[in-house]
Structure formats: C-alpha cells, structure tokens
Amino acid sequence: MGHTDTPTGKMIMKGQGRFSFLVDNEKFLGPLMIAPAVIYVLALVGYPLILAFAYSLSDITVGSVEYNFVGFSTFRSIIEEPEFRIALKNTILFTFVSMAIVVVLAKILALLLVQDFKGKFFIRALILMPYVAPISLGVIGWLWMLDSIYSPINWLLQRTGLFGPDFWPMWLGKPGLAMASIITVHVWRMLPLAMIIMLAGLASIPKDIQDAALVDGAGYFRRLFQITVPMMLPIMLVAVLFGIVFTATDIIIILVLTRGGPYDSTQVLVSQAFYTGIDAGDLAGGAATALFLFPLLLAVAIFMLKIARRSEVT
Amino acid sequence: MANVETKGLEKHFGDVKAVDGVDIVSREGEFLVLLGPSGCGKTTLLRMIAGLEKPSAGDILIGGKVVTHLPPRTRGIAMVFQSYALYPHMTIYKNIAFPLKAISMPKEEIDKKVKWAASMFGIDRLLKRKPRELSGGERQRVALARALVREPNVFLLDEPLSNLDAKLRASAREELYRFQKGVEITTLYVTHDQVEAMGMGDRIAVMNKGTVRQLGTPDEVYSDPSDTFVAGFLGSPPMNLVKAQDRFVGFRPERFLPREMHGESTDVESFPLEVSRIEDLGASRLIYGRLKERFNRHPVVANLPTSFTHYSIEPGGTYNFAVPKKDVKFFAVENGLRAEPISI
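Listed in order, the protein sequences are those of chains A and B. Counting along the first sequence from 1, when you hit position 113 you're at 113 in the numbering used here, and nothing is skipped either side. Counting along the second sequence from 1, when you hit position 186 you're at 186 in the numbering used here, and nothing is skipped either side.
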C-alpha cells in the first residue's frame with residue numbers, strides 16, 4: 001500500500017460529478033425519492049378532497065361562479081330529503097350484507113382451496129377470473145344475464161324445471177330482487193380478492209400450531225373457531241375494512257345495472273351524489289352527500305386498524 | 001402408562017424413503033431417544049407415532065393396541081414441538097387448558113389441573129400472560145405443561161431444547177430428565193444432539209437414512225457400536241476407524257493413549273503414532289497424527305487427559321501409543337457391520 005493512485009482510487013475520483021454530493025446526502029435524496037408519491041396523493045386525492053369539503057359547505061352549483069360559505073346548512077337540508085335517507089339505508093344494507101356474505105364464502109373457499117387436490121391451480125385461476133376481467137365488462141355481462149327478456153339464468157332455471165313455465169322474475173326490475181342482484185354481483189366481484197387474502201392468512205399460520213391442536217385433541221370445528229379464525233383475525237379485519245370502505249364508495253355496479261332504480265331501491269349515497277352533483281348540477285348537495293359517510297368510514301378505518309394491531313400475533 | 005411399538009414402519013415422500021422399515025419397542029416408562037443427523041427420518045418417525053403423518057407401510061402400536069389409522073386425539077399422546085407451537089392468541093392459562101377443553105372437562109376440574117401442571121414447571125405466575133411476553137425457557141415450560149396436563153400415556157418430544165441458548169439448555173436438560181423420572185411416562189425424544197441423548201436417554205435409537213442402526217443404552221451405543229455409522233456419529237471426536245485387511249479397526253480417542261498409561265497390562269494393541277498437531281482444550285489434549293505404513297499412514301486422534309505427565313509430546317515426534325484389546329472394535333469393510341476380530 002502507500003500508493004494512493006490505485007485504479008480503484010481513480011474510478012472513485014471520476015464518479016464524483018458536480019451533483020453527486022446531493023445524491024449522497026440522505027436529507028436530499030429521501031424527499032426526492034418520495035416526492036412523486038406525495039405529489040400524486042396531494043394532486044389527485046388531497047386537492048379534490050379539500051375541494052369537496054369546500055363545496056359541501058357552500059351553495060355552489062355548476063352554473064354559479066361565486067363561492068358563498070353557508071356552513072352546514074347543505075348537510076341539514078339533504079338529511080331532510082327522503083331520497084337521501086333511502087340512499088343511506090341502502091348503502092348500509094348493501095355494504096354489510098355483501099361484506100358478510102363475502103367473508104363467509106371467502107373463508108369457506110380458502111379452507112377448501114388450501115387443501116391439496118388435483119387441478120388445484122386450475123380451480124384457483126378460475127376463481128380469480130372475476131377479479132382479472134375489467135369490472136365494467138363483467139358487470140355488462142351480468143346486465144345481460146339478468147335481462148328482463150333474454151335472461152339466460154331464467155331460461156336455464158325454467159328448462160331444468162326449477163322455475164314453473166309462468167315464472168320469469170325481473171331481476172333488475174323489482175325493488176327487493178334488484179338489491180339482491182346488486183349484492184350478488186358485488187359478492188361475485190369481491191370474492192376472489194377476499195379469498196386470496198384469506199388464503200394468505202391461512203398459509204401464515206405455522207403448521208406446528210395446527211399439528212399441536214390436532215395432538216391436543218381438538219376436532220375440526222374447535223380448530224377452526226379457536227385456532228384458525230382467531231389467528232387469521234388481524235388479516236381478516238384488514239380485508240373487511242378495505243371491503244367496507246370499497247363497497248360503501250363504489251358506484252360501477254349500480255351505475256351499469258340499475259342506475260339506482262327501480263324507485264330508488266338500489267340508490268346508494270355515491271350514486272345519489274353523482275346524480276345530484278353531476279347530472280343535476282347541484283355541486284354543493286352532491287359533495288355533502290358524498291362526504292356524509294366520510295366521518296363514519298374514517299371511524300371504521302381507525303377502529304379496525306386498532307383491533308388489528310391489538311390482536312397481532314407473536 | 002403404555003409402551004410404543006413400531007412394526008416395519010415406512011414413510012415414502014415420492015421416491016424418497018424418509019423412514020425405511022423401523023422396528024422399535026419402547027419399554028414402559030422409559031426415556032427413549034431417537035438420535036440421528038438431520039434428514040435421517042427421526043422427526044418423521046415421531047410424527048407418524050403422533051398420528052400427524054400417515055405411514056406408507058407398517059404398523060404402530062401404543063399400549064399393545066394398533067393405532068396406525070387412528071387420529072392423534074385417540075392415541076393418548078402429548079407432543080412438544082421444536083417451535084413449542086404455543087397458541088399465540090391465548091393466554092398461558094388457556095394454552096394449558098386447551099387439551100382439557102377438547103375433552104369437555106368440567107371448568108373447576110380444568111382449573112385444578114392447569115394450576116397443578118403450571119406448578120410442576122414453576123410457571124404459576126405467568127398464567128395471565130401471552131406467549132409473546134415469555135422468554136424461550138418459559139415458553140418451553142409452558143409447552144411441557146400443556147403436554148403434561150392431560151396426563152398422556154406417551155410423551156413425544158421433538159427437539160424441545162434446540163431453541164434454547166447453550167447455558168439454559170444444560171439446566172433445562174436436567175429439569176426435563178428429573179421431570180420424566182418423576183412422572184414415569186414413556187417418553188420418545190427426538191434430537192440430533194448426542195450430549196442430550198447420552199445424558200437423558202435410558203436407551204438410544206441411533207438412526208440414519210430412515211433406519212435404526214442400533215438401539216441400546218447410552219453405554220452400549222457408545223462403547224459397543226454395531227456399525228461404522230454409529231461409531232462415527234457418536235463421540236466428539238468420534239471413533240478412529242482405520243482400514244486393515246478386510247476390516248475397519250475402530251478405537252475411541254480417549255482409549256488411544258501412550259503405552260505407559262496402560263501400565264503393565266500386556267493385553268493391548270500397539271500403534272506407533274507420528275504426532276502432527278496438538279490442541280489443548282484445557283480439560284484434555286487432542287493429539288492429531290498418523291499411524292505407520294502398516295495402516296497406510298491413516299490419520300487418527302488421541303484424547304489425552306491432563307493427568308498424563310510422563311513426558312512431553314511434541315509435534316513431529318513419534319510415540320508409542322496403544323489401545324486395550326477389549327476396546328478395539330472390528331467392522332467389515334463391505335457393509336460396515338461388526339465383524340470377528342482379526343490379528344493386526
């Protein structure tokens with residue numbers, strides 16, 4: 001050694017360009033790297049959200065140019081409207097019924113698919129299909145399946161004799177049936193993702209623990225409800241949280257299948273907000289309707305994350 | 001109380017025979033160690049006895065009853081896993097109570113039993129905690145208490161000490177040994193650690209490549225190995241195995257000593273040793289060297305006690321070492337099994 005002019009030494013010297021000291025500085029590099037994400041969130045989530053808050057506290061319409069601050073009076077007036085109440089009720093019904101069905105079905109599917117059998121990967125791929133296809137296309141397919149005249153479902157059920165010759169339900173044309181249809185399609189759409197999350201949760205339980213429960217004499221249901229489900233609880237809660245927020249803020253299925261009808265029986269807050277704010281031009285009313293669930297969903301999110309953290313394992 | 005017996009037990013994973021025809025019979029209340037290198041099939045064998053793996057062939061008997069196709073819960077066994085496998089979402093109390101709840105025992109009785117098992121292992125004050133709040137040693141005791149609480153006929157332990165640090169392992173070994181002698185429940189103990197096996201086992205089954213190579217007391221498997229695998233696996237350093245004619249000649253390093261240490265006895269086999277290296281371990285010295293041309297200059301090790309002070313041994317020198325004739329074992333070259341002695 002003692003000779004500083006080694007080849008490596010030269011290369012290090014060459015690499016030191018004018019700005020390299022900036023790149024080497026973590027205080028500079030960190031914010032630089034995270035900037036795209038921050039800008040994205042601020043521009044496409046933060047700004048519209050603040051705008052929505054501002055609109056909901058005003059009497060602004062599509063045609064107006066002035067901003068008049070009116071406080072919570074828009075909220076007060078929409079709460080009085082029967083359409084809003086129906087939409088609120090529908091939102092809660094739609095969200096909780098479909099989430100309950102999704103959780104139970106996803107859990108059962110995951111328990112079945114975690115077993116070893118022939119063609120397991122083929123079946124898994126099939127079940128993932130609804131999630132892979134573009135959702136609007138999938139829902140248009142359902143629109144056809146549930147068509148009032150050409151419904152293949154009705155045709156099939158009639159041909160197999162399950163429906164009588166005069167029985168031809170209008171899936172999307174009767175209030176109760178329409179809600180049931182919407183929920184079915186939504187379950188169809190959410191199930192693949194929920195099942196994948198459940199599968200991951202199942203796989204994360206150490207085999208030793210299942211074996212220990214077996215040796216300790218626990219039967220299938222004791223293992224399921226005292227070992228598997230509690231140990232999957234954190235991941236299930238996170239899945240349910242996302243499901244609730246996603247379901248309560250989704251519009252595609254309703255927009256494509258029923259547009260909120262018949263008689264507002266499938267109108268939910270988001271579709272209501274869309275028709276009020278965009279179609280009818282009442283920006284303030286639309287914003288207030290859309291934001292009505294914001295505190296509730298925020299509370300749900302915080303609550304779920306807290307539970308998830310408390311029941312975290314090992 | 002019950003003994004465990006396997007008859008021609010086999011387990012195949014695809015083309016691999018993890019367990020390849022194992023016949024062992026445990027005695028009632030004994031501490032039987034399954035010892036072997038990793039991949040020798042000892043854990044698979046234990047899991048088959050537990051009912052967690054289905055045998056490909058053969059039978060398992062517990063207490064004289066064939067249990068080969070019975071589920072684990074009907075076998076009257078309890079198992080402690082290497083990872084302890086405590087239920088992370090339950091308190092220690094609930095962990096220990098779990099096997100009792102599974103047999104629908106009344107609440108007061110469960111309470112009594114849990115407290116009894118906990119006091120056996122000195123973990124009474126931990127009952128309200130969750131497993132993640134416990135140290136490794138405490139978790140291991142909880143796992144043992146959970147196994148004990150249902151008073152099984154057979155204990156199956158799968159390397160229960162391997163996750164403890166070295167210091168704790170020594171005291172846990174002692175504790176486990178005394179506990180087993182206290183309850184006198186037949187125990188099958190899987191380990192790859194020969195110190196645990198020699199120290200705790202009433203008998204040791206040395207396994208390799210899915211078969212039991214020798215089943216005997218610690219002294220038998222150590223001093224009287226049935227083949228070259230057992231001879232080479234036990235002991236640190238293991239038995240010297242030197243080829244002579246159609247035999248392997250085996251002798252333990254601690255019996256391979258300077259001629260003077262065997263006194264006036266003439267019943268010894270002499271091996272001049274050319275010393276190449278000496279390791280001073282404090283309690284003893286390991287002398288590495290080579291035998292003469294007669295044994296193809298085969299490398300060997302001698303384990304010399306510090307009590308040897310007759311003369312100093314230096315690398316480069318050649319010294320007259322010897323082994324008592326009764327401590328020299330002979331193995332056939334073609335299959336590694338014990339063979340008739342020959343004169344060398």
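Derived from the structure by calculation, the hints contain no laboratory data. Built from N, CA and C at the ideal position, the CB exists for glycine as well. Mixed in with the good hints, there may be bad ones.
In silico lysine-lysine, BS3-like type, Cα no more than 27 Å apart, as pairs [claimed, not checked]:
(1) A:K306 to A:K174
(2) B:K113 to A:K118
(3) B:K112 to A:K207
(4) B:K112 to B:K94
(5) A:K207 to B:K101
(6) B:K167 to B:K181
FRET-style restraints, in silico, Cβ to Cβ [unchecked claim]:
(7) A:I34 to B:K107: 37 to 45 Å
(8) A:G30 to B:D165: 33 to 41 Å
(9) A:L49 to B:K54: 55 to 63 Å
For each hint, the structure was consulted:
1. A:K306 to A:K174: Distance ~41 Å between K306 of chain A and K174 of chain A Cα, so the pair is violated.
2. B:K113 to A:K118: violated (45 Å)
3. B:K112 to A:K207: Roughly 30 Å separates the two Cα atoms, so the pair is violated.
4. B:K112 to B:K94: Cα-Cα ~13 Å, so holds.
5. A:K207 to B:K101: holds (21 Å)
6. B:K167 to B:K181: holds (22 Å)
7. A:I34 to B:K107: 37 to 45 Å: Cβ of I34 of chain A to Cβ of K107 of chain B: about 55 Å, so the range 37 to 45 Å is violated.
8. A:G30 to B:D165: 33 to 41 Å: Since the Cβ atoms of G30 of chain A and D165 of chain B sit about 38 Å apart, the hinted range of 33 to 41 Å holds.
9. A:L49 to B:K54: 55 to 63 Å: holds (58 Å)
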